[in-house]
Every structure is written in structure tokens, then in C-alpha cells.
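Undergrad: The chain contents come next:
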Amino acid sequence: VFHLGRCWSVDPLLSSSYLLQDSRGRPKEIPHNEKLLSLKYESLDYDNIENQLFLEEERRMSFGGFRCLEISRWVVCGLIGFLTGLVACCIDIVVEEMAGLKYKVIKENIVKSTEAGGLSISLILWAVLNCAFVMVGAIMVACFEPIAGGSGIPQIKCYLNGVKIPRVVRLKTLVVKVLGVMCSVVGGLAVGKEGPMIHSGAVIAAGVSQGRSTSLKRDFKMFEYFRRDTEKRDFVSAGAAAGVSAAFGAPVGGVLFSLEEGASFWNQMLTWRIFFASMISTFTLNFFLSIYHHKPGDLSNPGLINFGRFESEIMSYNLYEIPLFIAMGALGGFLGALFNVLNYWLTIFRIRYVHRPFLQVIEAMLVAAVTVAVSFTMIYFSTDCQPLGPEHSEEYPLQLFCADGEYNSMAKIFFNTPERSVRSLFHSQPGTYNPLTLGLFTLTYFLLACWTYGLSVSAGVFIPSLLIGAAWGRLCGIFSFSAAQLGGIVRMTLSLTVIMVEATGNVTYGLPIMLVLMTAKIVGDYFQEGLYDIHIKLQSVPFLHWEAPGTSHWLTAREVMSSPVTCLNRIEKVGTIVDILSDTSTNHNGFPVVVKVSHNNEPAKLCGLILRSQLIVLLKHKVFVELARSRLNQRKLQLKDFRDAYPRFPPIQSIHVSQDERECMMDLTEFMNPTPYTVPLDTSLPRVFKLFRALGLRHLVVADDENRVVGLVTRKDLARYHLGKHGLEELHLAQT
Amino acid sequence: MSSHSIFVFFVLLVINIHAFVASDGLNVTALDSSGKLTQVSVLVNSPSVFKPIVDSVYPLSLLSSFPEDVEISEYCSDLLLVLGQRYVAYMSCLIPAARPVKVCQKCYSGYSSLVQIYQNISSDQMGPGNVSCRDSLLHSDRLMLVYLLYSNVENIWDNSNCAQCLSKDFQSQTNDTLFFLNVLNQTLSCFEKYKQRNLTELCKNCKKSYKDLNDLYSLKELNHTLCIDLEDAMNMTRRLWSKNFNCFLPREETVPVIAVFSFMLFLPIVFYLSSFLHSEQKKRKLIHPNRAKSYTGLMNIQDKQS
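Protein sequences, first through last, are from chains A and B.
Residues in the first sequence are numbered consecutively from -18, following this note's numbering.
Residues in the second sequence are numbered consecutively from 22, following this note's numbering.
Quick caveat, the hints were computed from the structure, so don't treat them as lab data.
Keep in mind it's a predicted model, so treat the numbers as computed, not measured.
From the three backbone atoms N, C-alpha and C, an ideal C-beta is built for every residue, glycine too.
There's no promise every hint is true.
FRET-style restraints, in silico, Cβ to Cβ [said to hold, decoys possible]:
1. V291(B) <-> C124(A): 20 to 30 Å
2. L288(B) <-> L50(A): 54 to 64 Å
3. L240(B) <-> Y301(A): 45 to 55 Å
4. P271(B) <-> G412(A): 19 to 29 Å
5. N256(B) <-> G412(A): 33 to 43 Å
6. Q302(B) <-> C124(A): 38 to 48 Å
7. D236(B) <-> G98(A): 51 to 61 Å
8. N256(B) <-> L417(A): 50 to 60 Å
9. Q302(B) <-> P277(A): 22 to 32 Å
10. Q137(B) <-> L417(A): 37 to 47 Å
11. F125(A) <-> V291(B): 21 to 31 Å
12. V291(B) <-> L417(A): 57 to 67 Å
Within a straight-line C-alpha distance of at most 20 Å, the following computed DMTMM-like cross-link-like pairs (lysine to aspartate or glutamate) qualify [stated by the list, open to error]:
13. K303(B) <-> D625(A)
14. K232(B) <-> E15(A)
15. K93(A) <-> E273(B)
16. K264(B) <-> E15(A)
17. K228(B) <-> D625(A)
18. K617(A) <-> E38(A)
19. K228(B) <-> E387(A)
20. K232(B) <-> E38(A)
21. K306(B) <-> D560(A)
22. K306(B) <-> D564(A)
23. K88(A) <-> E242(B)
24. K229(B) <-> E96(A)
25. K225(B) <-> E96(A)
26. K232(B) <-> D625(A)
27. K93(A) <-> D190(B)
28. K88(A) <-> E273(B)
29. K85(A) <-> E273(B)
30. K554(A) <-> E528(A)
31. K225(B) <-> E77(A)
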């Protein structure tokens, strides 16, 4: 005789979460804001399920098998690095060629109409060309894969944190991302192609490590062991590192980026592997770019952004300049905070009002048009004419109304891809730009970059911030201001320092860059969070920060947990399972498995934990007790069957269970995790938090002193507490 | 950086003049354009042979002769002498041609003869008596003066890009170059013609020939067939045209550009206003999480804290 297992005998309606209702019985709705947690996001399963199948498989695997596994990890990392470098190379070459073509056409037109008249037509031509590119990019992002929008760093940060962002590591996302970033950079927006590289690297890693593509329906029967969240996450962090490394030519910076953003799971061997992937990535890029630049074999072209070599004179600094660096960092932090505040309001507005795809496309096109209009007008009215330097990086200098042999300075920075502008600002001789030009440029570019970030195009914010900083820095004659501006916006610390040091190829400049970034972070954090954190918050992602909110020790698991919890019996009726899984209000993905000690009404004791995905696989394969008895020779379910279904488990609706089968029983003993982590009721929130963050848990069972299930703590229960302006605040759960 | 290079140049100058002064017996035909220097050379009356000078001018110097096998051979010292002569000839050609730059047109023959003699010195070929002068002349001391001087010349030559304007063997200027100079002269003579009269007339009448010149120049720029002479001449012409004669293109399209600009700026304002007014605001449905009965949410936090 089996019982339907509920831990608490409560009315089913009350036991599950329900929509909040207002006084008239309609669901309570509020405008989107930053204090929400979306139900859409789930946790990844980083906790290894040590069930009997797992133990069996481990027993069967020989020592050689383990060695083989280790080697294939290295192979996968090498592949990740190689492919990431290749993608970076493709992006670079396509952007270079297309932007070159575009600027050539426009330049010819401008030269013609400077003489013959019709400059306003040139302006329109330029705007139309840019809008066309941006439109293609925006349509791809807005209509096909919205998750590919933006720089992708917030999404990867969330993934490494343990949040499953839907569709973030799909092949389609990669394609949209890569094509989208080409379009938006060629379309002349104030964006860079570096941020998206990190996302691309991560997607490549997630794809390669699985040895198959669910989108293409191809299975190469390789790397099957890696088909679970734990392994995949390790590779994704390698991919992110490879992306950083390809983008900036900074392999160590890449490793540290992964470390900084996903530091909850880390071991030395993994670090070494990630470093390997990073190195391979940057040198693959070098190699292919050297072929493109007709110098095959020359490996000195690291990174998409190439700051060029700095002469030691520019980079030298003295002790008395240290306070200056600190002041600069403070200013950079302040300006970065201003950028973030503006972008924050803009993003809220966008989420609330500009949420339809066609509106998003129109908005992106408008931004492109205004960018062109502003650039053109500033070029037109600029009277700053300078001859070209001996090593100018401008391929298409505009003369306009300058004397022959001289060229418009404003055009040098505006009529160029942002990356080349950065290089030009870093390297041109002093006096190449006059202060008015630089001042106007900085101001407009600041606003444009701020306006552009968060559009539904695939684009990064690194280069624009570097460019703003470089222009400021040029104004006062100091290089490291670009680091201050970038640090003020993104608030990365260690990894950004190393990335900057590596990208400039100058170790002696480490100290100033570190000081600048440190002050920028301190000052910036006083006003507003980093840009990526803002966007994570606005996406309502249940993100777990490094530590629990400081003043939360008085909160215990009792308050934090969800309760009551739906539990399953160790031998459960199929019908019950199907009902529980189909019930939309049960939004947990793990179910404690309990066992009755006596036949009384006494609550049952915890004996394991089983995941929704496992149950679905079990239902699909019809692992029922009665069937097993009747068909003795039925193949036993293996871990492989669970891996094959990963990561896209079918929804419960697609699994057909007949009326007869509903009466069958299912034995979960073999499949459940027999040793789930539990905490007592009085555990404090920081303690729970630490356990959760360090082990990468998804479900933490709260048990009383007799090992009876009282509640369940999940990521959303922990992430909802945060330190606001008025002390500890609680975020609302919402449907998005 | 710049002060350093000026210093090097100055040193070079001093060395050259010194060498020049110390050897007035040499052939000075290269010095056609500067009479002054010739005079200087006449004034100083030093002995004409190289080696004995050392003794007579600086009596306390080293012994004049080392044993036979260490000292350089007669053949090498002859080569050195010729090198010195040609070097001086080349330098005295270069300096007067420094401004306006005519270093390629005037001095290419001097350069080619200098290269020839240096190649003789640096080649592996044995001269008479089976001696190679390469090691003894080029690398036998720390200073390596001959090498240093020559590499300076090489540097000047490379920076000036003269090779682009000359035939392969440096014997003559290319036809291309001559043609360009011809076009340039036409333009300049046109300038000359109208200079006295109205400048606007100059701008109008010389426009065609100036434009031809400009186009030709840009073509050569693309082909990489420019040397410093042509670049400098073109720069001067452009400066004449733009700065002296003020032949600017007028900035007369301000109104249409501003009109288009403000139109484009106006569009986003309309867009945002209309989406604010007409688009339906995105609302989120709140969900009540299931909690243990007595602890439900923020209310408790505040209760507990207070």
C-alpha cells in the first residue's frame, strides 16, 4: 500500500505558490523595476548526483578510462581555444573589410560633394548605409535571439554564477551574436566587438564540450561524459577566458576574468587548463591574422584590440604622479557612475516601453542615424585641421574644408571604427588634436555610448569606454585615464588590470593601472553599481554575490526556506508524479524523497532528493515496477540515458502516460541522490549562503532534528535578500 | 628624441666639414652651388695626403706605424681614401639640397658611387695580395667609424625614399618623376603668371592644372612612387595654393546640413514620446512564494528589526 506523499497535510492549493491578487481579485501587477526576481531563471545542477547508477558507472570505468577523460578535457580546451580564436579572426577580418568598403564609398562621395555641392546628400548616404547595417543586426537580435543582445558579459557572469539563462549557450545565439556584432560595428554605432567575443567563446565551449549540436541534430558520439552541468560549466569558463584572451590578447587576463566572475568553483588543474585554452585562442588569432596581413608566421598581432606598442617615454611615470593617478581614478569612477545612472534609467524605460521587437529595431536604427548625424555635423563644423602624422592609422582621412595636405581632426576620430580611433588617440603625436575637438568628441561620445548600450544589438561597451577615457586622457595628456573610465563603468578589478597591462604590453604600468582601477571602483560604487550588475539586476536574475548581505545573521533557514515542500515517496505512484510535474504552481525542480517509518500519520523522513529532469527521463523510459516484473530482460536504465536527454529535457506535457500506467509504481531508490545536503532549521542565512555558493547547490533541504523535511532553500530564496538604502530589503518574485 | 637626432646631425656635419677642410686637395666639383664652402677650403692650407697629417698636426699621438701584419694594406688605405672623397662629395651635395628638398634629383649619382666603393670595401672579394679590407676597415675597432658613417648615409637614403624616383641602377630619374616635375612646373608657372593680378583669378585659372597635379600626386601616392623631393615640392605647392593664395573650398551648405541634422535629432524624440504614450507599459505579475506560516516576507523583517 503506497501513499501519496505530502510532508505536511495541507490543502494542495495553499501548499504551492500563487499569484498575488489585489482587492478586486485580479493578479497584482507592478511596472518592471530592479527589485524583482524572475521565475524564468533556474539554477544549474552543479552538485554531483551520487546515485547508484553513478557508482555503478564509476566501478565499471577502468583506470585508463579516467586518464582518457583527463586527456579529452585537454583536447576540448584546445579546441575551444582554437575555435574561439578563429571566430575572433573572422569577426575582425569581416569588420575590417566591410567598414573599409563603407568608408571608401562615403569618402568618395564626400570628396565629390565637397567640391560640387550636396554634402547633405552625403550625410544621408552615410546615415542610410549605417542604418541598413544596424537594421540587419537589430532584426537578427530582436526577432530571432534576444539573448544575443548587448555584450553578453552579464549573461556569462550569470551562467558562471550558476543561473541557467535560457538559450544563452545555443548555436543560434552564437550565430546571431557573431553576425550581429559585425553589423553593429560596421553600422558605425558607438560599440566594440570585444564584449561579444567573451559570450561567443562561452557558447563555443558549451557546444564543443558536448560533442553534439542539439540545434543541428548532429551527435558525434564524442565527449559523452561531459554532458552535465558541472563539466559544462568548467568548459564554459574556459571559453569565456579564451574569448577575453582573443579579444584583448590577454591570456592571463582571460583566466583571471573567469576567476573573478565565477570564483565559487575553482581548482588548480582547471586553472591550468583554462590558461591553455586562452593561450591557444590568442595564438590562433595571431596566426590567422598574420596570414591576413600577409606576414604568415608572424605571431605578434595579439588581440582584436591592438593598442600597438607604446614608447617607453610615454609610459614612464614618477613617484610624484601617484596622487595624480588616484585623482584620475576618482574622476573616472565618478564619470563611470554617471554613465551607469544614465544607462540605468534608459534601460528601465526600454524594458517598460520599448519591448516590442519592431520598436527595438526602429530604436537601434534611430540611434545609428543620430550617431551619423552628430558625427557628420561635428566634422562639418570643425575647423581643426592637421597634417597626417608619419604613422597614421587612418585609412580614410577626410579633408573637407581643410587646406590641401591637411585633414579634418574630428574626422580622424569620428570617421573611423572605434577601435582605430582608440589607437589613433593613444599613438598620435602631441598636438594632433586641439582641446576643443577632444572636448566636444568626449562629450558626444559619452552620451552616444550611453545611449547605445542596451539597444537590442550585439555590442560591447569596452571599446567605447576606452575611447571616452582615451579622449579625456588626451585632453590632459595622460594615458591611464582610459583605464579609469573603463573601470568606472564595468568595475572589474583584478582581471581588468591584467587585461590592460597585457594589452599595452607594459608591466611597469601595472601599479598606476591598479591604483586607478581601485579608486575608480571605490568612488563609483559609492554612487551606483557596475554596468553589468545593473543589467543583471534589471533582468531580474537571481544572482548570488560573493557574500550574503552583511547584516543578515539574524535571519535563519526557518524564514528563508520555502515551505511546505512537495515530497515524493521512495516508491511512488506514477499518476502522482505526473500530476506534481504538471502542476504549474509547483515551481521547484527538485523533490525531497521521503520514506515512511510507520503507518501512522507521522511525517516521513528524508532519504534522498530527485530532480524534475530525472523524473521526466524515468517517465519517458517507463521505468515502472510492474513493467520491470513482467519484462525481466528489459534493459536497465543507465546514466547515459540521462545524459542523452541533457540539456533539453522534454516538457511533461509531451510525455504520454496512459490511464493504466498511472496506476503503476515507480521505485526512485536507484536514481535519487541518496545524500542531499541538509541544514537544521536554525542555520543562519550567511551560513546557508556560503554552503550554497561554495558548493554550487541547487536545492538545500531544511530538516528538523528528526530528519523530517521542513522546507527547501533554493537560489531564489537566497537571492531575494539584498542590502538596499534602508537596510535589508526583500525582492519580489514575479512572472516575466 | 628630436634633440638626439639633431645632435647626431650636428656631429655628422662637423665630421663632414672637418673631413672636407682637412683635404682640400680633393676634387670639389660637386660643390657647384655653394661658393662659401669652397672659399673655406681654399683658406685652410693643410697637407694633402691623409696619413702624415696625424703626425704633423698632433705630435703626441701614437707611433705612426705598427708592424706590417697589423697595419692595413696599401690597397685598403687607397679604398679608404676614395671612400672619403666620395663621402665628402655626397655630403657637400646633400646639405645645400636640404631646403627646398632636392636630395634625390641632385645627389643620386654621388650616392651610387659611394655605394659602389662601400660595396668594394665590404665585399668578401680579395684585392691584390690576397687581402680583404672588410675586417680591417669595418670591424676592427669599437667605433667602427666607416660603418657608422655609411649607415648614416643609408639611413638618410632610406628615409628620403629616393629609390622610388630613380631607375633601378640609380643612374637616372624615372620618366614618371620627370613627368611629374613637368606638370609641377606648369602649375608653378601658372601661379607665377597670375600672382601679380587678382588672387581669385589665380584660383580660377590655375585650378585645372593644380587639380591635374593633385590627381597625379594621389595616383603616385597609391603606387608608392613618391620620394621626398616630390613630396616636399607638392607640399609647398599645396601650401601656396591653400595658405598663400587662399584658394579654399567654400563652406556653403550649412543650412541643408543643419536641416538634415535637426531632422534626425528630432526623430528619436518623436519615437520615445510616442512609445511612452502609446506603448503598453510592461507589467509584471507578482507571485507569492510559499513560506512557513508565520514568516511571510518583508513585513516580518521589519517587525523583527524594530
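Undergrad: If a hint holds in the structure, say so; if it does not, say that too.
TA: Taking the hints in turn, this is what the structure says about them:
In this structure the hint that V291(B) and C124(A) lie 20 to 30 Å apart at CB holds, the actual value being about 23 Å. Roughly 58 Å separates the CB atoms of L288(B) and L50(A), a value that falls within the hinted 54 to 64 Å. A beta carbon spacing of about 53 Å between L240(B) and Y301(A) agrees with the range 45 to 55 Å that was offered as a hint. Checked against the hint of 19 to 29 Å, the C-beta distance between P271(B) and G412(A) comes to roughly 28 Å, which is consistent with it.
Judged by the Cβ atoms, the range 33 to 43 Å given for N256(B) and G412(A) is violated: they are separated by roughly 18 Å. Between Q302(B) and C124(A) the beta carbons are some 22 Å apart, a value that contradicts the proposed interval 38 to 48 Å. The supplied range of 51 to 61 Å is broken by D236(B) and G98(A), whose beta-carbon atoms lie about 20 Å from each other. Against the hinted window of 50 to 60 Å, the Cβ-Cβ separation of N256(B) and L417(A) comes to about 26 Å, which falls outside the hint.
Our hint of 22 to 32 Å for Q302(B) and P277(A) is violated, since their Cβ atoms are close to 57 Å apart. Q137(B) and L417(A) have their C-beta atoms about 55 Å apart, which leaves the hinted 37 to 47 Å range violated. At roughly 27 Å, the beta carbons of F125(A) and V291(B) sit within the given window of 21 to 31 Å. A hinted range of 57 to 67 Å for the beta carbons of V291(B) and L417(A) is inconsistent with their spacing of about 31 Å.
The straight-line distance between the Cα atoms of K303(B) and D625(A) is roughly 38 Å, outside the 20 Å bound, and the hint therefore fails. Annotation: proposed proximity of K232(B) to E15(A) is violated, straight-line Cα distance about 62 Å (limit 20 Å). A C-alpha spacing of about 15 Å is found between K93(A) and E273(B), which places the hinted pair at or below 20 Å, so the restraint holds. Distance restraint check for K264(B) and E15(A): the Cα-Cα separation of roughly 59 Å exceeds the 20 Å cut-off, and the hinted pair is therefore not satisfied.
Taking the CA atoms of K228(B) and D625(A), the gap is about 76 Å. The hint is violated against a cut of 20 Å. Of the pairs offered as hints, the one joining K617(A) and E38(A) holds, with about 12 Å between alpha carbons and a cut-off of 20 Å not exceeded. Pair hint K228(B) plus E387(A) holds up; C-alpha atoms about 18 Å apart against a cutoff of 20 Å. For the hint linking K232(B) to E38(A), the alpha-carbon distance of about 82 Å lies beyond 20 Å, and the restraint is violated.
Taking the CA atoms of K306(B) and D560(A), the gap is near 25 Å; set against the 20 Å cutoff, the hint is violated. Between K306(B) and D564(A) the alpha-carbon distance is near 18 Å, which keeps this suggested pair within the 20 Å criterion. For the suggested pair K88(A) and E242(B), the alpha carbons sit about 17 Å apart, so the restraint of at most 20 Å is met. A C-alpha spacing of about 13 Å is found between K229(B) and E96(A), which places the hinted pair at or below 20 Å, so the restraint holds.
Restraint check for K225(B) and E96(A): satisfied, since their Cα atoms lie roughly 13 Å apart, inside the 20 Å limit. For the hint linking K232(B) to D625(A), the alpha-carbon distance of about 72 Å lies beyond 20 Å, and the restraint is violated. With a CA separation close to 40 Å, the supplied pair K93(A) and D190(B) exceeds the 20 Å bound. At most 20 Å may separate the alpha-carbon atoms for a hinted pair to count; K88(A) and E273(B) meet this at roughly 19 Å.
Only pairs whose Cα atoms come within 20 Å are accepted, and K85(A) paired with E273(B) is rejected, the gap being roughly 24 Å. This hinted pair does not check out: K554(A) and E528(A) have alpha carbons roughly 41 Å apart, beyond 20 Å. For the proposed pair K225(B) and E77(A), the alpha carbon gap of about 40 Å is over 20 Å, so the pair is violated.
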